[in-house]
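Working from the sequences, and respecting the hints, build out all of it.
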Amino acid sequence: MQQNSNPKIIISGGGTGGHVFPAISIANAIRAKNPAAEFLFVGALGKIEMEKVPAAGYRVVGLPIAGLQRGFSRRALAANVKLPFLLFKSLFKSYRVLRDFRPHAAVGVGGYASGPLLWVAARMKIPYLLQEQNSFAGKTNQKLASRATRICVAYPEMERFFPASKIVLTGNPIRNNIRPATEVTKKEALDHFGLAPHLKTILVIGGSLGAGTLNTCLEAYLPEAKDRPVQIIWQCGRNGIGRAREVLTRYEQVPVYAHEFIERMDLAFAAADLVLTRAGAGSISELCAAGKACIFVPSPNVAEDHQTHNAMALVKEKAGYMIPDKEATKVLMHTAVDLVFKESELQTLSENILQLSRPHAAEDIAKLVLEL
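Counting from 326, one number per residue, gives the positions in the sequence shown under the working numbering.
Just to be clear, a hint being listed does not mean it is correct.
Derived pair list, reagent style PhoX-like, types lysine-lysine, alpha-carbon separation capped at 25 Å [as the list claims (entries may be wrong)]:
hint, residue 1, residue 2
1, Lys511, Lys525
2, Lys667, Lys511
3, Lys414, Lys464
4, Lys551, Lys667
5, Lys525, Lys551
6, Lys667, Lys655
7, Lys464, Lys407
8, Lys692, Lys491
9, Lys692, Lys358
10, Lys667, Lys525
11, Lys512, Lys551
12, Lys525, Lys512
13, Lys655, Lys641
14, Lys418, Lys468
15, Lys491, Lys450
16, Lys418, Lys333
17, Lys464, Lys450
18, Lys655, Lys551
19, Lys450, Lys418
20, Lys414, Lys450
21, Lys667, Lys643
22, Lys407, Lys418
23, Lys450, Lys333
24, Lys511, Lys551
25, Lys358, Lys491
26, Lys491, Lys468
27, Lys667, Lys641
28, Lys333, Lys358
29, Lys643, Lys525
30, Lys407, Lys468
31, Lys641, Lys651
32, Lys333, Lys491
33, Lys450, Lys692
34, Lys655, Lys643
35, Lys333, Lys692
36, Lys464, Lys418
37, Lys667, Lys512
38, Lys450, Lys468
Simulated from the structure, these hints should not be mistaken for laboratory data. Nothing here was measured: the structure is a model prediction, and the numbers come from that model.
This is the structure in structure tokens:
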């Protein structure tokens, strides 16, 4: 594609912010290298990409695809029965999208939406690049790897999942405004959120949809929060904002501030002395870039328990702590409130996690896409 001055690129995947924001970052980096590039995103109908991609200035098409529901509830079983029909419809729509858009190359960022699109792309002889964010590769990317031209990864030793000749260690793309916290003054950040400069600040982020365990931990902590010199920025997600607002009306004097979604995450990181978070690959990459001390609570509801693998990769480097989800309700907030006053320990965690940052991942991936 190097010879093409007006490349057409399709980017597929999504389902959560952890897939969508890296995808947008890749598109932005490609556009910076070649402003004439044309893009089309393909995601899953009803998911976050249908909102965030147009907001970033790109066109998106949704597939009627869904992920496999875990468990044996009536609702899960009913949803899984529909999967073959949704997959067939998604494959057919993928063919029509590729036929009409006629891309020179495709990029898959993970998530179930990328499977049908790239499966069809391979059969139409369209070269594609995979971007694997996690330290334990997802099944979709593993199945698509044999026909991929390049596979960009964020962790070493990924040869156990992919052909070594195709792997490029790039790191994960992050949002453009995420930088080391020193590049944004803490005063500016605290002012943005209306926070007090004399209190320690904990940031709790459960992803774009929220995290039930983290929200439960915060709710259980509220009765004793008024006695602690700590303030909390709480991103509780689309699924948790209603409950959070309801509960906080009973604790109006408590310095806990709930947000459905934080657009200025760079300022949230700069304001925070400590971050409590799930261990999604996108979140980890942004925290590395910002150099923030963290406690990870990996989600148990993910394929192959990949969030635990992600968190352990940092724990081994003394770049963060991990508390299992099943233990979090009892110990997370007490551990966090104790740790946030240990300046030396926070500094060590911050320095170690910053060493793992790969701030030019999006640019490196963009270069590889334009070479397909």
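A quick look at each hint next to the structure:
Distance check on the hinted pair: Lys511 and Lys525 sit about 12 Å apart at the alpha-carbon level, within 25 Å; holds. Pair hint Lys667 plus Lys511 holds up; C-alpha atoms about 18 Å apart against a cutoff of 25 Å. With a C-alpha separation of about 21 Å, the suggested pair Lys414 and Lys464 falls inside the 25 Å cut-off, and the hint holds. Note on Lys551 and Lys667: the hinted pairing holds, with a Cα-Cα distance of about 20 Å set against a maximum of 25 Å.
Pair hint Lys525 plus Lys551 holds up; C-alpha atoms about 13 Å apart against a cutoff of 25 Å. A threshold of 25 Å between alpha carbons decides the hint, and for Lys667 with Lys655 the separation of about 21 Å falls inside it, so the pair holds. A C-alpha spacing of about 20 Å is found between Lys464 and Lys407, which places the hinted pair at or below 25 Å, so the restraint holds. A distance of roughly 15 Å separates the Cα atoms of Lys692 and Lys491; the hinted pair therefore holds under the 25 Å criterion.
Note on Lys692 and Lys358: the hinted pairing holds, with a Cα-Cα distance of about 8 Å set against a maximum of 25 Å. Restraint check for Lys667 and Lys525: satisfied, since their Cα atoms lie roughly 11 Å apart, inside the 25 Å limit. In summary, the hint linking Lys512 to Lys551 is supported, as the alpha carbons are separated by about 23 Å, within the 25 Å threshold. Between Lys525 and Lys512, the direct Cα distance comes to roughly 13 Å. Compliance with the 25 Å bound is thereby established for this hinted pair.
Straight-line distance between C-alpha atoms of Lys655 and Lys641 comes to about 24 Å, which keeps the hinted pair within the 25 Å bound. Between Lys418 and Lys468, the direct Cα distance comes to roughly 20 Å. Compliance with the 25 Å bound is thereby established for this hinted pair. Simply put, Lys491 and Lys450 have alpha-carbon atoms about 17 Å apart, close enough for the 25 Å limit, and the pair holds. The straight-line distance between the Cα atoms of Lys418 and Lys333 is roughly 18 Å, inside the 25 Å bound, and the hint therefore holds.
Proposed proximity of Lys464 and Lys450 is supported: the alpha carbons are some 22 Å apart, at most 25 Å. Between Lys655 and Lys551 the alpha-carbon distance is near 19 Å, which keeps this suggested pair within the 25 Å criterion. Proposed proximity of Lys450 and Lys418 is supported: the alpha carbons are some 17 Å apart, at most 25 Å. Between the alpha carbons of Lys414 and Lys450 the distance comes to roughly 21 Å, so the proposed pair stays at or under 25 Å and holds.
Of the supplied pair hints, the one linking Lys667 and Lys643 holds, its CA atoms being roughly 15 Å apart against a limit of 25 Å. Distance hint between Lys407 and Lys418 is fulfilled; the C-alpha atoms sit about 17 Å from each other, no more than 25 Å. For the given pair, Lys450 sits about 15 Å from Lys333 by alpha-carbon distance, which is consistent with the 25 Å threshold. Taking the CA atoms of Lys511 and Lys551, the gap is about 23 Å. The hint holds against a cut of 25 Å.
The hinted pair formed by Lys358 and Lys491 meets the criterion: a straight-line CA distance of about 23 Å does not exceed 25 Å. A distance of roughly 14 Å separates the Cα atoms of Lys491 and Lys468; the hinted pair therefore holds under the 25 Å criterion. At most 25 Å may separate the alpha-carbon atoms for a hinted pair to count; Lys667 and Lys641 meet this at roughly 20 Å. Of the pairs offered as hints, the one joining Lys333 and Lys358 holds, with about 14 Å between alpha carbons and a cut-off of 25 Å not exceeded.
Taking the CA atoms of Lys643 and Lys525, the gap is about 22 Å. The hint holds against a cut of 25 Å. The hinted pair formed by Lys407 and Lys468 meets the criterion: a straight-line CA distance of about 22 Å does not exceed 25 Å. Taking the CA atoms of Lys641 and Lys651, the gap is about 21 Å. The hint holds against a cut of 25 Å. Only pairs whose Cα atoms come within 25 Å are accepted, and Lys333 paired with Lys491 is accepted, the gap being roughly 22 Å.
At roughly 21 Å between alpha-carbon atoms, Lys450 and Lys692 fall within 25 Å of each other, so this suggested pair holds. This hinted pair checks out: Lys655 and Lys643 have alpha carbons roughly 23 Å apart, not beyond 25 Å. With a CA separation close to 14 Å, the supplied pair Lys333 and Lys692 stays within the 25 Å bound. Simply put, Lys464 and Lys418 have alpha-carbon atoms about 22 Å apart, close enough for the 25 Å limit, and the pair holds.
At most 25 Å may separate the alpha-carbon atoms for a hinted pair to count; Lys667 and Lys512 meet this at roughly 21 Å. At roughly 17 Å between alpha-carbon atoms, Lys450 and Lys468 fall within 25 Å of each other, so this suggested pair holds.
Hint compliance for this structure: no hint is broken.
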